[in-house]
Amino acid sequence: MFASGKGILALDTAPDQLSRRFGTAGATDAPADAAAYRDMVLSTPDLTSTTSAVVLPASAFGAAFGAAAGAPRLRAVGSDAGPRGRALLDRVAASGVLLGARADTGAESLSCHHDELVTSGLDGLSDRLRRLQALGAGFAVWAMSSGSAIDYGALRTLTVNSQAAARFAYTCQTVGVVPVIRVGTRMRDGTPAQRSAARAAALLSVCGHLEDIEVDLPSVVLSTEAECVHDADPVTGGPLVALPDRLGGVALTAGDNALSTAVAAVTAVCEADPPWPVTFYLGREVTRPALLAWRGRTGSVRAGHQALRDGLTTACAALGGQSLAAVPGP
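Counting with this note's numbering, you get residues 1 to 330 for the letters of the sequence shown.
It should be emphasised that the hints constitute simulated quantities derived from the structure, not laboratory data. Bear in mind that the values here come from a model prediction, so they are computed numbers and not experimental data. Beta carbons: idealized from backbone N, C-alpha and C, even for Gly. Treat the hints with care, since some could be wrong.
[Said to hold, decoys possible] Cβ pair distances, simulated, as ranges:
1. G237 x G23: 38 to 48 Å
2. T236 x A264: 17 to 27 Å
3. D46 x G176: 29 to 39 Å
4. A272 x R297: 37 to 47 Å
Please work from the sequences and hints to get the whole structure.
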């Protein structure tokens, strides 16, 4: 997962979000294109040059997991798409790319206050993880987010989310799957310093609850937004200072930042000699340009491949990756 110069590629977008992205890109047949989209991305030539691992929805493994209530039932590679999708995943795994599954089931209201959301998915988690592991998943991802933690409601939400994330990690380790916890914040207003403090509080809370239930930290990966820290060490002068040295690794995301901004932030962290391995957790900042170049058109698959590779090459430069040649023609 932390191979030199390679990042983690996230393809676990929720069905409703994926439908909206198809609409924005001008793809009219969203259910059919969901399978073709993942097929296009995963069939990119030399994907292993920049990608160490891929995060997929549970349904992509061919497991019969039901969709969340009210969610559009998009066709998933490996299940509804039939044996072709499963064969593609097998080829990706055989190439050396690790396969991971999104393990949580979204977020639900913690109380009558709808802005207090807690990540769900602990019910039946152990059985789901065992099934996913049998189908090829080597790691699982749990995404949690919290507010500013400056009032009782926000602090309660952060505590409950951190407890759930710790239980997820503990369950993963009992099954033998590597836990990856994405720690985000829903704080869109406030100053950069306030957002940074909220992120640090969330990381500190999660790590504290992991230690409370004796989760093996060297086997845990935490993911959080890469942050440009001005006039300070990016490891000790920002939110990352909350992370224990013996953590298994850190996967940095772009968050709402432009890819170039995130690359600068990740580069700074890597150059600061952090105590844990670092990788890039890449999502829409590299897949959206590929989707826009492809737009579901058979004749534009190569354009989608090239757009994805351009984004991956740019991102992985922060990790010491090498530039790739253009996608070869037919």
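Hint-by-hint comparison with the structure:
1. G237 x G23: 38 to 48 Å: 41 Å, holds
2. T236 x A264: 17 to 27 Å: At 18 Å between Cβs, range holds.
3. D46 x G176: 29 to 39 Å: 30 Å, holds
4. A272 x R297: 37 to 47 Å: Holds, since A272 and R297 (Cβ atoms, about 43 Å apart) stay within the stated range.
Violated hints for the displayed structure: none, as all numbered hints are satisfied.
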